[in-house]
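Q: Whole structure, please, built from the sequences with the hints as guidance.
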Amino acid sequence: MKYFIFKSILFLLLLLFILFIDINISYQFISNPEEHSYNKYLWLILIYFVSYFYHKLITKRMVTSSETIAIFKSNIIASIILFTTLFITKESEGHSRLIILLFIILSMTIPIFVFLFKKYFLRYSFLREDILVVCDKKSMANVDSWLVKDNAFGFDIHQIIIIDGSSKEEIRESIDYAMSKREFYCAVIAIDGVLDSDILYYIDYIQERIYRVIMLPRISSMPLFNAEIISSINHKGLAFFIKNNLLNPVDRVVKKIFDYLLSISLIIITAPFLIILYIIVYISTSGNPIFKHRRIGVGGKDFNIYKFRTMYLDADIRLKELLKSNDEIRKEWEAEFKLKNDPRITKIGSFLRKTSLDELPQIINVLQGKMSLVGPRPIINDEIEKYGEYFEYFKAVKPGITGLWQVSGRNDIEYKERVQLDVWYVRNWSVGLDLSILIKTFVAVLFKKGSY
1 MKYFIFKSIL FLLLLLFILF IDINISYQFI SNPEEHSYNK YLWLILIYFV SYFYHKLITK
61 RMVTSSETIA IFKSNIIASI ILFTTLFITK ESEGHSRLII LLFIILSMTI PIFVFLFKKY
121 FLRYSFLRED ILVVCDKKSM ANVDSWLVKD NAFGFDIHQI IIIDGSSKEE IRESIDYAMS
181 KREFYCAVIA IDGVLDSDIL YYIDYIQERI YRVIMLPRIS SMPLFNAEII SSINHKGLAF
241 FIKNNLLNPV DRVVKKIFDY LLSISLIIIT APFLIILYII VYISTSGNPI FKHRRIGVGG
301 KDFNIYKFRT MYLDADIRLK ELLKSNDEIR KEWEAEFKLK NDPRITKIGS FLRKTSLDEL
361 PQIINVLQGK MSLVGPRPII NDEIEKYGEY FEYFKAVKPG ITGLWQVSGR NDIEYKERVQ
421 LDVWYVRNWS VGLDLSILIK TFVAVLFKKG SY
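Just so we're aligned: 298 in full-length UniProt numbering is position 298 of the sequence shown, and the numbers increase by one with no gaps anywhere.
Note that these hints are calculated values from the structure, not bench results. Careful, some of the hints might be misleading.
Taking lysine-lysine and the BS3-like style, the derived pairs with C-alpha atoms no more than 27 angstroms apart in a straight line are [stated by the list, open to error]:
id, residue 1, residue 2
1, K56, K119
2, K181, K137
3, K181, K60
Across the chosen pairs, the derived CB separations fall in these ranges [as the list claims (entries may be wrong)]:
id, residue 1, residue 2, range
4, R172, F20, 50 to 60 angstroms
5, R123, L16, 20 to 30 angstroms
6, L13, K73, 15 to 25 angstroms
7, I21, G300, 38 to 48 angstroms
8, P249, Y390, 20 to 30 angstroms
A quick note: this is a predicted structure, and the numbers were derived from the prediction, not measured. Glycine included, each C-beta is placed from N, C-alpha and C at the ideal position.
A: Right, dumping it as structure tokens:
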């Protein structure tokens, strides 16, 4: 109930705030603002709120990716209902098209605010819920990933029951004892394997006692992000319909349109800022502010990637001398193709990298069709061997300005994990996944996470 109240208030306040911004902007352009009061457009909030409720955005705890997709779906449906209502009631002439269109556009920013507010408020106990975890030792990392490192559910692990080395009777006694001491919001079962007999046994036993059960099987390598789960009474089981969206021509066109529209918007919005940065970099480096470098693109073809210059003009010479004279730095370079304390970087370059502003010129690469807003990290020829058999996945798509590795720790994660993240992205791509990554990128840049 507490979470329901929190989400209800959050969505209502966000919708009211958007309407407030919308009308104040629109008043500058419409000829008769006195005829378009706030009260006249409050029904927009009602339609959107009902749509959010219908998609369980107010009642259900969701991870960021699922919530982002659900919000965008809700917004689209609410927009359709909105226009249909205006058409049927013949009220379109009495309402400002600018106010309505701007409200629809501004509503697309709601996932960002929901993410930020949840991240802040879920730290407090009044919104958190105690859970019971039943798992084996192999699945502890999976539990840590879901419920500790990125706990978008707002769960507190009150007790963990490890099943290794214990009989089923002992596990049952431990479960019963834990439940006798506290009422749990849900139980999480994480056991290595896919629906083996142990998992089914513990689900059956716990489900009789706890309303919610979450299963975390260790199947993260399977491309199930876009899978459709089909249940069958006849077969008394489930079927996973697994799709590769990047092989669907329609989805590829949608991704291309998405890239172009958002890139054009970003160019227009950031143009004054880009000019200022261009001048600052030119003054600080006494060279061309735009740095070009050869990277591997879609189909394995080379292309020039654009960045703001962050290094001294003689950076290549400095690197060669450094690798010759320092064994530790050479090993770091060979392992990661990056240096944490890179002496080649200028002072302004250090700031640009920490804020990721050095990558803004890559919007031009997107408009050229060489890159995507979201995709695998652009690599150089020397890195191909690091991908090994997975290079086929990498070259199947355009590299991105941002991607899973940037929002998963960026330079704080090992190279092998970067490769795994790129492969996972390609196998599980969807427009909703891209939107989630863009929102997380905004937050990562805001808090300067993992960049150097």
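Q: So the hint says 50 to 60 angstroms: do the beta-carbon atoms of R172 and F20 match that?
A: Hint holds: Cβ distance 56 angstroms, inside 50 to 60 angstroms.
Q: Given the hinted pair K56 and K119, is their alpha-carbon gap at most 27 angstroms?
A: holds, 19 angstroms
Q: Could you grab the alpha-carbon distance between K181 and K137 and see if it respects the 27 angstroms cut-off?
A: holds, 24 angstroms
Q: I want to verify a distance hint. Is the separation of the beta carbons of I21 and G300 within 38 to 48 angstroms?
A: holds, 46 angstroms
Q: Hinted pair, alpha-carbon criterion (27 angstroms max): K181, K60. Please report holds or violated.
A: holds, 26 angstroms
Q: Verify the CB-CB distance for R123 and L16 against the hinted window 20 to 30 angstroms.
A: Distance hint for R123, L16 holds at roughly 25 angstroms.
Q: Given the hint of 20 to 30 angstroms, check if P249 and Y390 actually sit that far apart at their C-beta atoms.
A: holds, 24 angstroms
Q: Given the hint of 15 to 25 angstroms, check if L13 and K73 actually sit that far apart at their C-beta atoms.
A: holds, 21 angstroms
Consistency with the previously given hints is maintained throughout, with no hint failing.
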